[in-house]
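Visitor: Sequence:
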Amino acid sequence: MLKMLPSNAEANEGPKEYFLWSLRGLNDVRTLRGEMNRACIKTSRQGVLALIILVSVSEFTMPRLAQADQSRVGQEAAPAHQTDENTSLIVTQDYFLGPEDVLDITVWKNADLSKQVTVRPDGRISLPLIGDITAVGKTAAQLSGDISVKLKEYKENPSVSIVVKEVNSYVIYVLGEVLKPGKYPLKSKTTLLQAITIASGLTPNAARNKIVVFRFAKDGGGRMKMKASYDDIVLRDGTTQDIELKPGDQIVVPSETMVLMP
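Just so we're aligned, residue 154 is where the sequence shown starts under the numbering used here, counting upward by one.
Among these hints, one or two may not hold up.
[Stated by the list, open to error] Straight-line distance between alpha carbons at most 25 Å, and here's what the computed SDA-like set of lysine to any residue pairs gives: (1) K336 to L256; (2) K305 to N362; (3) K363 to K308; (4) K318 to Q246; (5) K378 to I396; (6) K399 to L339; (7) K308 to Y323; (8) K268 to K318; (9) K318 to L266; (10) K305 to K363; (11) K333 to L355.
The hints are simulated quantities; they were obtained by calculation from the structure and are not laboratory data.
Construct the complete structure from the given sequences, taking the supplied hints into account.
Guide: Written out as structure tokens, the structure is:
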């Protein structure tokens, strides 16, 4: 610490003592100044080191944070895009309902009977009071009429409206001896041969002339079964067998082993 200069009484002790006090004060000042300089240098070094660390961390983390934000935004935008794709398939009055379609059923002045339902894989929906009713193969107007008839047992002159909220049945199923069996979207007019091409073609074991197409009947009363021969369509005048597919159609290509079995 800096020592105080001697008082007048101490100075009167003699020139020598006063001179010694002055030297001590000067040394203390120099010492304090050196300590302050070292402290400033140390602080500056720490500040530079902290700045280098901060820049390094920023260069390392910022690109990853940006990438994570882009991924999150993409994930959040994906459901909206999917929903837009489903709802963008605007249906006409002649559209036949299919499995997994989402329907908004409204019974006028009766919120308890109004409900949003999804068509089950068996082609039916469930509603209060009337229970299960077939929806697949019917238009929205036909289904609305069927629901109104059943509700007349519980309500006088029921008025039912149906809005197709989501179209999820615009798909076909290609099964059996194809290279990539599975579920495929039906986004445009597609024939049987085109569906086989979409599934990457037939396997060597495919019974190419025993192809079967299963289709829901329009009245919802079961399924139709249609047979087709690949060779007849391609090599012979069998273009009528290259049928235009409908939503929900199931294409089955059996194997030669299955055909040969009794």
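Visitor: With reference to the structure, classify each hint as holding or not holding.
Guide: Verification of the supplied hints:
no.	hint	verdict
1	K336 to L256	holds, 22 Å
2	K305 to N362	violated, 50 Å
3	K363 to K308	violated, 51 Å
4	K318 to Q246	holds, 14 Å
5	K378 to I396	holds, 12 Å
6	K399 to L339	holds, 8 Å
7	K308 to Y323	violated, 35 Å
8	K268 to K318	holds, 12 Å
9	K318 to L266	holds, 18 Å
10	K305 to K363	violated, 47 Å
11	K333 to L355	holds, 9 Å
In summary, the structure is inconsistent with hints 2, 3, 7 and 10 from the numbered list given earlier, while agreeing with the others.
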